[in-house]
Amino acid sequence: MTVAQVIFYVVAALAVAGGLGVVLAKHAVYAALFLIVALIAVAGVYILLASEFLALVQILIYAGAVTVLLLFALMLTRTSDLPEAMTGAQWPVAGLVAALLGGAIIATVTTSDWPGDEDGMITRVPFDDLGSALFQQWAVPFEIASLVLFVALVGAIVLAREDEPEEEGE
Amino acid sequence: MNMTDAWLLPLLPAAAFVALTLLGPWLPRKGDWLAVGAIATVFVMVLLIAADFTDALAAHGEEFAGAANSTQWLEVPGQLELRLGVHVDATTIVMLTVVSFVALMVQVYSLGYMKGDSRYGWYYAVISLFVASMLALVLADNFLLLYFAWELVGVCSYLLIGHYNHLRSAAEAAKKAFITTRLGDVGLLIAIILLWRATGTFNIQEVIAAAEAGEVGREVLTASVVLLFLGAMGKSAQFPFHVWLPDAMEGPTPVSALIHAATMVVAGVYLVTRTLPLFQLVHGGPELILAVGLLTTFMSATMGLVMTDIKKVIAYSTINSLGLMFVALGVGAPAAAMLYLFTHAFFKALLFLGAGSVIHATERQDVSSLGGLWSKMPITCVTFAVGALSMAGLPILAGFWAKDEILVALLDNKAAFALAMATVPLTAMYMARVLILTFFGDPKEPESHEHAHEGSPFIFVPLVLLAVLTVFAGFVAFDQVGELMGFPGGIGEIIFLGHPHAFHFDWNVAIGSSALVLAGLAAGWFAWAARPSVPGVCLSMLRPVHALFANKYYLDDIYQAAIDRVVLSIARLVAWFDRNAVNDTGIDGGGYTAKFAGYLMKFQQTGKMPNYALGMVIGVVALTLVAFTLKG
Amino acid sequence: MQSGYILLATIAVPLFAAVALLFVPSRHKDAIRAFSVAVGFALFGLSLYAFFAYQLSQVEQYQFDMRWMWIENVGILGENGITLHLGIDGIGAAMLLLTGIVTFAGTLISAKIDYRNKDYFILLFLLVAGVFGVFASLDLFFWFFFYELAVLPMYLLIAVWGSSSVFSTFARTKEYSAMKLTMVLVGASVLIFIGIFAVFVEAGLGTFDLPTLYEVEFDENFQKIIFPLFMLGCGVLAGLWPFHTWSPDGHVAAPTAVSMLHAGVLMKLGAFGIIRLGMQLLPEGAEFWMPVLIILGTINVLYGAISAMAQTDFKYMVGYSSVSHMGYVLMGLATMNAVGVNGAVLQMFSHGVMTALMFAMVGSLYDQAHTRELAAFGGLVKRMPHFVAFFSIAGLASLGLPGFSGFVAEFNIFLGVFRTYPALGALGILGAAITAVYILRMMARAFFGPENDKWESLQDLSRVEYAGGAVLIAFIILMGVYPSPFVDRIADSVLRIPGIG
Amino acid sequence: MEPVAQQIPLEHFLALSAILFSLGVYGVLTRRNAVLILMSVELMLNAASINMVAFAAYASPEKFTGMIFAVFIITIAAAEVGLALAIILRIFRNLGTANVDEVDELKW
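So the protein lines, in turn, are chains A, B, C and D.
Each residue of the first sequence is one higher than the one before, starting from 2 at the first, in our numbering.
Each residue of the second sequence is one higher than the one before, starting from 16 at the first, in our numbering.
Each residue of the third sequence is one higher than the one before, starting from 4 at the first, in our numbering.
Each residue of the fourth sequence is one higher than the one before, starting from 184 at the first, in our numbering.
Bound conformation, chain A alone (with noise of 0.2 Å):
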């Protein structure tokens, strides 16, 4: 067993950790920490596929931003403290089904005959690569990614703003 091999089994181990942390947490809290197990830990893949810049990325914005805008939305909805149900009623079919899926998936993987495994060689790619292939070849995605961006902030400060006065009376 090779150390890329052992580290890439420990980075997993975390990532199905963390995960599991996410679904099962009793707490809302802890469910959001456990998340923030998890996306390291696929930073931690990332960097075992030789895409760092991407791992870069994965700390700073989901590790980082998305998980404390999540604590920010578990901090502005709660209702009460009594501790109260995480998990719906539906936990049981939804179990099975989500074996299922994740059973099928791994069986089709499986069983399945990809390209460039033969030899596990993956190549590194450099990150001037990367950016002048996202600014030269993607742009227009990107400039529409931006958009998006701004799309979405102006929509949630237009949905999250408190209602104008004559409305209320409906």
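Derived by calculation from the structure, the hints in this document are not laboratory data.
The structure presented is a predicted model; accordingly, all values stated were derived computationally and were not measured.
Wrong hints could be hidden among the right ones.
Partial list, computed: chain A residues near chain B (C-beta under 7 Å) [as the list claims (entries may be wrong)]:
| id | residue |
| --- | --- |
| 1 | 89 |
| 2 | 91 |
| 3 | 100 |
| 4 | 101 |
| 5 | 102 |
| 6 | 107 |
Each computed DSS-like pair below joins lysine-lysine, with the alpha-carbon atoms no more than 30 Å apart [unchecked claim]:
| id | chain 1 | residue 1 | chain 2 | residue 2 |
| --- | --- | --- | --- | --- |
| 7 | C | 115 | C | 385 |
| 8 | B | 623 | B | 130 |
| 9 | B | 130 | B | 429 |
| 10 | A | 27 | B | 130 |
| 11 | B | 130 | C | 385 |
| 12 | C | 32 | C | 115 |
| 13 | C | 457 | C | 115 |
| 14 | B | 617 | D | 290 |
| 15 | B | 623 | B | 610 |
| 16 | B | 610 | D | 246 |
| 17 | B | 623 | D | 290 |
Yeah, the Cβ is synthetic: ideal placement off N, Cα and C, and Gly gets one too.
Place chains B, C and D on chain A using the hints.
Frame of chain A, contents of chains B, C and D only:
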């Protein structure tokens, strides 16, 4: 005027009908002169055609079968050709003469009788249409035109019976007449189509020829003949279809004279005469006619005896006469039937017109409110008496010759002869009864008696003319009379359908029947004039029998019940079934099923997002599994 | 001069009239009336012209043939893929004339409508355009398009301008009737739609052009499977038992002119479809299934007539009599011989004119009396002599009285039926006798007898009703007395239908 | 661009992605709190990203399309979280709860 021009005959009154219908209200005198003029012209043309016919007869001898002329009406190439055409032979000539003459008399009579009627113009329009249809009926060379005209005379009869349409009874009677005859017509139409199917033609002569050549299957022929006879029974008011004719007296009296005595009701007799060869090909065919005729004759005589409405008595006497004609046809004596038809037209029209004169004068038609009219209305009285005695069969009057002719023809069939003889005194008795109760004795309602008076010349001139004919028409049976009138071989050539010397005279029968007639008349005189208490005594002794007769053997009630209880119940059942089973259950059921399915399905719309999400995922999983399975 | 533009005009004129009406302010009610009647008259003239300009004994089966390309050589569509192909044979010519007559009479009668008459006429003209389109189309796609166009405006016309009926034991609201009519007919047209596509695919020519498809000889089993789709799908619109109940309810609920058009013309679309799609496309299938159709037709005749006898409502009686008379059409078609089919087409025409007249008259009475209860009337003849005369003519025509169109048609049908199924023919004739019973009962009860004082205020026919009725009666009598112009055109085309012996 | 020998089969990455994705699905289906559902969605998004990147690295390194996709996914996720947060706040303000199974106005 040639025989082949006979197709013009119906067109004249038809044109008068169209003109009266469209322009009637704007014509002077509402256009009655048009109608009378048309029929008068037709009468003259009929005489010309008859002359042409006798010439042809003289030229060709006994082989002469008649002249025909037809035109195409409708064609499906190679499949079907319907033609309208006329055929003139001896029978036709007799019928044409009767129809045009009686129609002329009745139309003239109506000038006086219908004067002041609120629908005077319409009356003349329909009468014209009737004459046109009736002429077409007797001229028809094929079953199609015959059926066409057959139905048209039916509808004219319907319209005229219902002439006084503000009366519920008139409306009901009209309906009854139409529906009853229509039931017979179902048979007629089926018979016509069956014969067409077997022979490929509607032409009457060709159909008969084909049947005689054995081209028509036995069962088909039997069925057609029976069905054909159904049509004749309906039109000619034979038992058990006779119920409509007495009710038809709701119409104006001239209409009764024309349609329900002289012309339309004998259409059945005419039809059977025309197709008699077909009946004779079928085993039991003539016997069927004979049985129906005898039954009708006897039953109608008994019912005529107890009726109190003067017109209904005459109506039953008409059924009686029609029955006799069928009896003659049943024993294979069409000549006798035609002679009776010919003379019957005159004396029966005379009776009705006479009754009409009484009704016109007194506005009563129940014999129990009439009486003693002879002093007020001598002409009517005498002419009516001539008609009644002729109907009874008193010697030398027209009815006597014709009736004896039929009795002679019956000599071979003892039972039938006995039954026919039995009706002779009955007939005489009820004719005496109606004559006595109407014109003799004391007036039962003095005030209406006071006002009674002879009508206008329009009314009594036709009466006199018909009375004269009633006295003398019977003599045409003798060749000598015909030759005197200028017909070679006698008028019998025409009447007797190409059997010129078929007139038999049997002194024994004549004396026997005359004796019975006299006995009947005497009994009538005894019961209703000499000893007025007798009917009451008889009535009390024979109450059930009287009730049976007076209620027309309960046939009307049975029919009414059959329609109200059975037919309408079935109809309501079907309508109920249609509404509840077919519609509400079947058709709406489909809708309700969809609706209920929707009701059930809506509960999967929980509104809870996780449920929807679960559904989606299950779908994805299922699809994945399917894809996975297919991939192998 | 024969030009497909005539046929195009019969479709385009009502469509343009509908569009033009959109731009008329709805307050000009009289102008709208006058315009609509004028359009009706124009359509009458066009159809009359087309009928008489139709040439007899020509080589071409379809005259006024004209084709406008729409979609071609795209995707699955090959040459002549979907074209607006117009043309009529003798059957189409007769039906076109019928539509013209009934439309004209209908617009005349509709002049009485006051409530939103602009919208009413727009919908009416859409419907009329659809009907003309079906009779003139020689392309399956457009055939179906026009078919749906003819059915759908009906929903609004009934639901908005119709009338509800309340009886002692049940009620039929106009919304219910409109919905049922639309649902049943649309459901039936799904069958037709499936059939059309099956034919399209099976032929594999990439065209919806009917004359081209007529040339194709379809596999016998295919025909046997697909024919019932057309038979049922079209049959439902022709009032086929047991899917007929939309018809009495729908006709009763509909406003007068819509009843006239619907019973007079639309039901004929169904029978026309059975000929055009069923018998002409799939002759072997037709031969296989016709025994079923003739039995259903006979049931229609008797069942409809007996039901009509039990009705207590004028319009329901007329509605059920339509079911009964359409049964004769189905019987005639099912004989598969020239005489019977010829009779069926004649009956389509005859019944169309006759039933339109009946509905017009019932409508006239209802507008004044606000009831259609048979038992409520009596002695109408005194106040409304022309009404009674017109209604009686329609009634007598419907019971098959010689001299009126019904006799010619039914006689031909009986001849045809007797050739193949004498027993059913006898039942058919019995049905005619039952018709006589209920028609005469109705007349005796409502028209004659002592006058009911309640109805002293009734007026006789108005001038528009008189005119509309007179047009219809003229054709009833014309066909009854001189049927050759009709038979010559129809028989010629009927003999060209494959499988007709 | 030099190849690196990792000696980890592609299937292992894919399997990890599948497990994470299923966990996310399970979370979406069972969690009641909207914010937690959002977190589960993030898990699913990450699983998808892993797939993209792994395929890019193994199958078509010269194009690195998968990595670009991953960048976009992260971008969209950020926008999505922002919007979702606003919606959740709105629901919370109107209905007084952030539990999705209590928000069932749109039912029969």
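Now for the hints, and whether the structure bears them out:
{"no.": "1", "hint": "89", "verdict": "holds, 5 Å"}
{"no.": "2", "hint": "91", "verdict": "holds, 6 Å"}
{"no.": "3", "hint": "100", "verdict": "violated, 10 Å"}
{"no.": "4", "hint": "101", "verdict": "holds, 5 Å"}
{"no.": "5", "hint": "102", "verdict": "holds, 5 Å"}
{"no.": "6", "hint": "107", "verdict": "violated, 11 Å"}
{"no.": "7", "hint": "C:115 with C:385", "verdict": "holds, 24 Å"}
{"no.": "8", "hint": "B:623 with B:130", "verdict": "violated, 90 Å"}
{"no.": "9", "hint": "B:130 with B:429", "verdict": "violated, 51 Å"}
{"no.": "10", "hint": "A:27 with B:130", "verdict": "violated, 111 Å"}
{"no.": "11", "hint": "B:130 with C:385", "verdict": "holds, 19 Å"}
{"no.": "12", "hint": "C:32 with C:115", "verdict": "holds, 11 Å"}
{"no.": "13", "hint": "C:457 with C:115", "verdict": "holds, 23 Å"}
{"no.": "14", "hint": "B:617 with D:290", "verdict": "holds, 8 Å"}
{"no.": "15", "hint": "B:623 with B:610", "verdict": "holds, 23 Å"}
{"no.": "16", "hint": "B:610 with D:246", "verdict": "violated, 56 Å"}
{"no.": "17", "hint": "B:623 with D:290", "verdict": "holds, 8 Å"}
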